[in-house]
Amino acid sequence: MKPLLFTLKAEPDQRLDLSPLTPDRLVGRSAKEIESLSIGTTRESVTVGDIFKVKLGDVTSVRFDGGSDRFDLLGAKLLPGFAIHVEGDVGAQLGRAAKGGTITVAGDAGPYVASQSAGANIDIYGDAGDFLGAPLAGEIPGMSGGRVIVRGSVGARCGDRLRRGIIIVEGDAGEDLGARAIAGTIIVLGTAEGERIGYLNKRASIVLSEQRELGPTYVDCGAHNLGFAKLFAKSLAGESRGASRLLSGRLQRFAGDTAVFGKGEVLLPA
Amino acid sequence: MPQLIRKGIRIDESFAEAFPMTGSGVVVTAPTRKWAMQAATTMTGYATSVIGCDCEAGIDRELSTRETPDGRPGVRVLLFGFSPKSVEKALVNRIGQCVLTCPGSAVFSAFDGEAKIKVGDSMRQFGDKWQISKAIDGRRYWRVPVMDGEFLAESSVGLTKKSVGGGNLLIMGEDWASTMRATEAAVEAVHATPDAIAPFPGGVVRSGSKVGSKYKGMGASTNDAYCPTLRGATNSALDADIGCVLEIVIDGLTSEAVAAGMRAGLKAIIALGPKQGAKRVGAGNYGGKLGPFHYHLKDLV
Chain A
4 MKPLLFTLKA EPDQRLDLSP LTPDRLVGRS AKEIESLSIG TTRESVTVGD IFKVKLGDVT
64 SVRFDGGSDR FDLLGAKLLP GFAIHVEGDV GAQLGRAAKG GTITVAGDAG PYVASQSAGA
124 NIDIYGDAGD FLGAPLAGEI PGMSGGRVIV RGSVGARCGD RLRRGIIIVE GDAGEDLGAR
184 AIAGTIIVLG TAEGERIGYL NKRASIVLSE QRELGPTYVD CGAHNLGFAK LFAKSLAGES
244 RGASRLLSGR LQRFAGDTAV FGKGEVLLPA
Chain B
4 MPQLIRKGIR IDESFAEAFP MTGSGVVVTA PTRKWAMQAA TTMTGYATSV IGCDCEAGID
64 RELSTRETPD GRPGVRVLLF GFSPKSVEKA LVNRIGQCVL TCPGSAVFSA FDGEAKIKVG
124 DSMRQFGDKW QISKAIDGRR YWRVPVMDGE FLAESSVGLT KKSVGGGNLL IMGEDWASTM
184 RATEAAVEAV HATPDAIAPF PGGVVRSGSK VGSKYKGMGA STNDAYCPTL RGATNSALDA
244 DIGCVLEIVI DGLTSEAVAA GMRAGLKAII ALGPKQGAKR VGAGNYGGKL GPFHYHLKDL
304 V
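From first to last, the protein sequence lines stand for chains A and B.
Residue 126 in the working numbering sits at position 123 of the first sequence; the count goes up by one each step and never skips.
Residue 252 in the working numbering sits at position 249 of the second sequence; the count goes up by one each step and never skips.
Please keep in mind that the hints were generated in silico from the structure rather than gathered at the bench.
Treat the hints with caution; some may be incorrect.
To be verified - So, partial list: chain A residues that the calculated Cβ filter (under 8 Å) puts toward chain B:
1) R167
2) R206
3) H227
4) L229
5) G230
6) F231
7) L234
8) F235
9) K237
10) S238
11) R248
12) K266
Claimed, not checked - Some chain A residues well away from chain B (every beta-carbon gap over 10 Å; in silico):
13) E14
14) P23
15) V30
16) E38
17) G60
18) V62
19) S64
20) Y128
21) D133
22) L139
23) A159
24) T188
25) L203
26) E213
27) G245
28) Q255
Claimed, not checked - Simulated restraints on C-beta separations:
29) P197(B) with P144(A): 40 to 46 Å
30) G222(B) with E242(A): 53 to 59 Å
31) H88(A) with K132(B): 39 to 45 Å
32) T104(B) with R244(A): 33 to 39 Å
33) T104(B) with M4(A): 51 to 57 Å
34) E142(A) with A118(B): 44 to 50 Å
35) G99(B) with M4(A): 37 to 43 Å
Because the structure is a prediction, the values reported are computed rather than measured.
Just so it is clear, CB atoms sit at the ideal spot from N, CA and C, and this is done for glycine as well.
Start from the sequences and build out the full structure, keeping to the hints where you can.
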């Protein structure tokens with residue numbers, strides 16, 4: 004069965020809230036009902052029908068033909084067993100508070116990807132904005148499960164307050180990578196900018212692909228063959244070969260951030 | 004006793020009587036085969052029979068680097084007991100004393116099962132708050148710092164109540180050497196059967212027991228009907244040409260695994276023939292009233 008299809012008619016003239024369009028909430032609805040859903044965010048009302056042409060199909064897999072950086076909250080609160088694919092860009096808060104499911108984006112994503120996501124598998128083939136996996140203002144934990152792979156680069160504060168789960172960035176990362184991370188794993192295959200990698204990191208593992216200077220609150224613990232890294236390497240072999248290769252080698256362990264717990268680590272190839 | 008003849012070997016029309024047990028299993032890995040086997044051998048020591056040990060345990064099989072979760076050489080160990088609680092206690096104690104202590108080792112769940120036993124979750128406190136948890140593909144692991152690096156343990160391992168313990172074969176031959184040849188062939192076949200173990204020394208038990216004793220307070224005593232030196236003095240089950248009896252006891256994760264183990268053992272004994280090996284094969288039971296699982300030898304040849 005073909006996926007439920009949303010074809011973009013024209014670039015929207017305001018930011019859209021696409022949180023009602025997750026597959027689990029479209030079950031049993033007719034094309035007309037879907038087209039009448041309101042997705043606007045301003046006083047000027049916008050419905051699905053104004054922006055998209057809807058073609059009914061398999062609701063467990065939804066496809067957007069055409070994207071825009073105004074597509075906010077796409078896949079918010081997504082449930083396990085459902086999938087969304089976007090042939091284009093998306094806006095802020097992709098997969099926000101998702102409980103599971105799969106989201107793939109062929110283009111770029113805005114800020115706050117996977118914010119407070121608890122289990123979604125998100126693949127972004129382009130770049131992602133700042134605050135990937137981070138909580139919104141006022142919230143305490145960030146992403147708390149699942150997996151995000153960004154094939155391009157990410158902005159600043161990637162993995163801010165990460166609680167659980169794994170973030171893989173195949174390109175470069177902006178400043179303050181893994182800042183305030185609580186736990187979880189962040190892997191960057193490109194270059195991580197700035198001086199404050201893992202700033203106030205409590206228990207997270209941050210794996211980088213190149214030797215570099217870390218802040219003075221990270222302490223060298225020597226090069227080791229770590230068993231858990233081999234498990235990750237095996238698990239990621241099909242999804243990110245670069246990450247898998249990085250994790251299969253010997254890793255230099257820097258424990259930190261000793262300014263807080265000091266139970267986290269930055270791992271560099273030895 | 005009515006018998007079938009297969010290739011000159013007499014097969015008793017008898018049955019093995021077995022009992023429901025709780026089973027669990029772990030995969031133990033290490034940097035080399037030697038140390039994986041060392042950890043597995045140590046953790047399955049003193050685990051022959053629940054009559055006197057905390058559990059019955061044995062090595063199911065060796066695993067290649069492709070079959071283990073962490074890509075290192077491994078050994079699959081199975082462990083059986085009478086209740087989930089006793090299995091949990093035995094498993095946690097044995098991993099804590101025998102696997103955690105073994106150089107280079109890591110421990111993983113061998114199967115998912117209907118319930119879980121906390122293994123890594125009980126072991127993690129050895130890390131004195133330096134331990135780190137990692138969730139990979141929906142499973143949780145504990146990294147416990149130890150003197151040769153990190154001990155990696157899966158947080159919980161599977162447990163099944165569908166296990167069966169006490170499948171057996173009584174292998175009877177002319178003398179010790181020929182009976183042992185048949186028994187060793189049968190043990191090898193049982194080892195090759197997945198999900199089944201033979202927990203006694205080298206898979207073999209020579210002191211089969213009967214229920215009850217002439218002494219007060221002893222629940223079990225020697226099975227005099229099968230003792231060759233008492234052949235004339237007691238109500239013996241042995242024929243004139245039998246001078247030695249050895250038993251293989253089989254525990255399995257499922258009833259099918261026990262049956263498959265017994266079938267494989269029988270096949271190996273019959274293949275060896277009566278000249279080289281055993282003259283007769285029987286099975287131990289208690290009249291069929293104690294255990295719900297009956298494995299009739301005639302169905303297995």
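Can we confirm that no CB of chain B comes within 10 Å of the CB of V30(A)? Given a closest Cβ separation of 25 Å, the condition holds.
Closest CB-CB distance from G60(A) to chain B, is it above 10 Å? holds, 29 Å
S64(A) remote from chain B - nearest C-beta pair above 10 Å: holds, 21 Å
Beyond 10 Å from each Cβ of chain B, as asserted for A159(A): holds, 26 Å
Restraint: R167(A) near chain B, CB-CB cut 8 Å. Satisfied or not? Hint holds; R167(A) Cβ to chain B Cβ min 6 Å, cut 8 Å.
Using the beta carbons of P197(B) and P144(A), state whether their distance is inside 40 to 46 Å or not. Hint holds: Cβ distance 43 Å, inside 40 to 46 Å.
Given hint S238(A) near chain B, where the shortest CB pair must fall under 8 Å: This interface hint holds because 5 Å falls under the 8 Å limit.
Should the label of L203(A) as a non-interface residue stand, given a Cβ cut-off of 10 Å to chain B? At roughly 17 Å from the nearest Cβ of chain B, L203(A) sits farther out than 10 Å, so the non-interface label holds.
Would the stated hint for G230(A) survive a check requiring a Cβ distance to chain B of less than 8 Å? holds, 4 Å
Would T188(A) pass as off the interface with chain B, using Cβ distances and a cut of 10 Å? Check fails; 7 Å does not lie beyond 10 Å.
Taking 10 Å as the cut and beta carbons as the points, is V62(A) off the interface with chain B? holds, 25 Å
Please confirm whether E14(A) is truly not at the interface, meaning its C-beta sits more than 10 Å away from all C-beta atoms of chain B. holds, 39 Å
When each numbered hint is compared with the structure, violations occur for hints 11, 24, 34, 35.
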